[in-house]
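Student: Here is how the chains run, residue by residue.
Number of protein chains: 2
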Amino acid sequence: MTTPFMEQRALYKPRYPEALDTISSLSTESFGNCTSDVSEDQQKQLKGLFPKTYGQPVIKIGHSKTTTATKDAKPLKVAVILSGGQAPGGHNVICGLYEAMQQVSPDSQLIGFKGGSSGILKDDYLVVDKDTADHFRNTGGFNMLGSGRAKIESAEQFATCAKVLERHNVDGLVVIGGDDSNTNAALLAEYFKAKNSKVKVIGVPKTIDGDLKNKYVEASFGFDTAVRLYSELISNISRDAQSAKKYYHFIRLMGRAASHITLEAALQTHPNIVLISEEVELEKKGLFDVVEDIVQVIVQRNKVDKNYGIILVPEGLIEFIPEIKALFDELNDILATNSTYLATLHSFTSKNEYINHKLSKDGSYTFSSLPTDIQRQLLMDRDPHGNVQVSRIETEKLLIELVESRLRELKSEGVYTGDFAHQSHFLGYEGRCAAPTNFDADYAYSLGLTAGALLHLGVTGYMSVVKNLTKSRDQWQAVGVPLTTMMNIEQRNGQKKPVIKKSLVSLSGAPFAKLKEKRENWILNDDYRFSGAIQYFGPPEVCDQLPKSLRLESDDTQSVDC
Amino acid sequence: MTTPFMEQRALYKPRYPEALDTISSLSTESFGNCTSDVSEDQQKQLKGLFPKTYGQPVIKIGHSKTTTATKDAKPLKVAVILSGGQAPGGHNVICGLYEAMQQVSPDSQLIGFKGGSSGILKDDYLVVDKDTADHFRNTGGFNMLGSGRAKIESAEQFATCAKVLERHNVDGLVVIGGDDSNTNAALLAEYFKAKNSKVKVIGVPKTIDGDLKNKYVEASFGFDTAVRLYSELISNISRDAQSAKKYYHFIRLMGRAASHITLEAALQTHPNIVLISEEVELEKKGLFDVVEDIVQVIVQRNKVDKNYGIILVPEGLIEFIPEIKALFDELNDILATNSTYLATLHSFTSKNEYINHKLSKDGSYTFSSLPTDIQRQLLMDRDPHGNVQVSRIETEKLLIELVESRLRELKSEGVYTGDFAHQSHFLGYEGRCAAPTNFDADYAYSLGLTAGALLHLGVTGYMSVVKNLTKSRDQWQAVGVPLTTMMNIEQRNGQKKPVIKKSLVSLSGAPFAKLKEKRENWILNDDYRFSGAIQYFGPPEVCDQLPKSLRLESDDTQSVDC
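Protein sequences appear in the order of chains A and B. Position in the first sequence (first residue = 1) + 13 = the numbering used here. Position in the second sequence (first residue = 1) + 13 = the numbering used here.
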């Protein structure tokens, strides 16, 4: 059912690069250079793996001076999937794609496979028409099609995928997804080109985590909305802390491995402490070093009578702590090798005893230093492959337990005199399906138009990219970047695989530098910044904000106010 | 530091009843009738406890036809405190109060005691001037003064309070708080009147929980903002569930005893299941009955291939389940009587063994039916008085564990074939300090103006009340209602005490009737309603919404679209 908010928000017209106004007259005449950051050896390997699609040029999409609008261009038939975790803007990509195709020819047809790539294999789809596009425009969620995490991997799956897409007689497939899904898109593009299929494959960079970015891709859509929602909640909680003066709030933030979300949220809200996984790793901090850092701040704040505060914890933190990472690897190994016997042990105690004598001395030491609840989570709460489910580990509670116990020690020594009261939070699911901000609505829509343009231009193995994101919309530049350009070769499950590189927080980058410059001041002075709820209808300075980290990373804004 | 959101929001001018435009010319000539709902015997007891302030009339605040604006009225000196949990709008009450006093005379002075009533006892205050009011107008949080939960209780505290307030030579004290704080305000009013002090006391109804309402008070401020924020997050999570089709989300909602927040959030978002504590209690459901209800829905949804869903759980639920309530009482008793010995037991196991043999057969049966994590929370995580901390019990996780184990049983019997994956959430602190909605900004500001008017009129022991809240602002009616009118006598810690009655969800009221009418349809049909983020700048139909339960409770709107 509709609501006043949805009715009004549906009226918003996403903005996009001017050039995309007349898709049918676009040309590929203008090329950029294409360079890769990986070693020559890796480039050679990639060329071997992608003989048909490696080494293509970057395409700037625009109008050559000579071409004019082609009337009655050939209609396009295109399939689209939403892949992986939800990100605000997904529906707008599809709207942009649909409308680009309509511009090319009103006889174009878009179908959406349901539930990610498994929808292709099952041939489970719906037709995306004008009503669908209008209904979902500017809404959050991936509920138009549903999403899924499966990849097309086996030779059989590739064949089924080809059979289904060719039966539908599509000209192209658009994969809206993160690094893994875009890697899969590159493999599909190569596969189709190798078998001379007409199916072209285009990827679209999606993820709230912000880890799909590189010298070509400035941002993935969804990041802005998710972080702004988290920032709103963090600043509300900060005000609560400052009003009640009672609790330390440990707030874990979604974002798997990289700490981009936590970094941006910190620049937006000014917490007392912010942990950045990449920094913890670089400084080779152990779990108890991290705990000690937090404890020292709590002791300092207690001295000025502040027994409350805000601590941001990235979801991936625990995997960046070397001893814990090693423990996880050992545990996964033990649990995999002994799964049959372990299945006969039902109680935590019996599993615990068994595991402990299988662990190395280091592993056992680390394991037994963890609170029981966490030990339990590690042993009892496994993913379908039997692996430790890192994203389910409540790192914020782990830290609270260890901080609490260390503070008890310091209290008995008279070093600390406060009462440590605490609350824990995990911000994640509430942000992945929020209605996209103006920025994400515009950006995702533009990515959809660009994907349509790339298919109209007949290229394959490209990512739809929009550049100059910190500039005004008319200066945004639609670009096609070969997916293989973003790849390197990584060891995955014992095999060398070509994958799109995940971008971690760069400790030499401008956003982290800004954080370092500012954060000392946040420890004792409560400089909480109230970023406010996402606004969709108000003045531009409120509704059209950009992520601070994006602005800091761009060349032309050196002095971003944080 | 300021932000674009804050700068723009500061410009909003709260709307208020017309009559409050010229406070200095208001009169008390117009009286309403004052009736109490409690038994004659209780009325008699209350009269005995409040000889000076019981039986005062309700005051409608307006302009008599004969009075004209008094120029150069006597300046007011007033003290204000924020008491109890944060609620959006608290700062606007203070702004309204400040501006009412300025209208009376520019020489009026407002001081705010810090950290609730303990600030009075410590004489810790700040002067609220124009800059303070302008800085905090339309902002969330209680950080202007801080808040506290202490009450003025002992004879000594009453005396200190009087000494401090009289030393400041104030004409009045405004207590912004919930039922307990307003009860305390009533006691203070009586105390000052009995000793012929000039200090008048006025209460203002604050609480996000929505449980401070009665035939005179239509709503407390803060409820609207908090529930709308929670509703936004719930609808985001609903979209996530519908997109990923993977998880059951168990969402616990703040709101202590009463389920008003959960009921309103359900009307806003249409979850698959919503538990209402008051209904569970009326139907005398045990914990396993509640679990079985949830399990049945999960089994039904599994049959139509829906292995995801949204379940709303009120924070207070567990206390409304008779067997659990009895267990808590037993535990509190045992833990209090044996605290010295228990302090010597450090491990959960040793405490557990000791407690179990002290519990009654019923108590022990209930206790051992609970998952270990919950047993641990009950024994290890006590409040400063040694009591079970109900608000810290993760009821959503308790339900998940019990549902999971019951589903395993049904799976082995072949009745259930799904995979039960789940996520748990607690929505609370993120909503208490959000920037107030237009409704809360206006309502709180009007309550502040009304409090100022009541002090100007020289009355004491009144609550500042604004009526006709579902009508347009010009039809809002400022009223003073005697605090004692809302009281009854309750047993508290073995003593009979006069207290303001907490309002629970009425199972015969219109909001619950609407829920009952609708909820059957939500079980299988995902009718998730996307209420959207709180908007402060957009079209009125988006920015000026009212709580659905408030509209349903009002006489003149029978057909509220839910």
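Simulated from the structure, these hints should not be mistaken for laboratory data. A few of these clues could be false.
Copies of the same chain look alike in the list, so a pair counts if it fits in one copy or across any two.
[Claimed, not checked] No farther apart than 25 Å at their CA atoms in a straight line, the calculated lysine-lysine pairs in the BS3-like style are these:
#1 K259 <-> K338
#2 K509 <-> K259
#3 K258 <-> K208
#4 K127 <-> K338
#5 K410 <-> K364
#6 K164 <-> K259
Student: Decide, hint by hint, whether the structure agrees.
Tutor: Verification of the hints:
1. K259 <-> K338: Neither: 34 Å inside a chain and 27 Å across chains, both beyond 25 Å.
2. K509 <-> K259: neither (51 Å within a copy, 31 Å between copies)
3. K258 <-> K208: neither (66 Å within a copy, 34 Å between copies)
4. K127 <-> K338: neither (36 Å within a copy, 47 Å between copies)
5. K410 <-> K364: Close inside one copy (22 Å) and across copies (22 Å); limit 25 Å.
6. K164 <-> K259: between (47 Å within a copy, 17 Å between copies)
Checked against the numbered hints above, the structure violates hints 1, 2, 3, 4; every other hint is satisfied.
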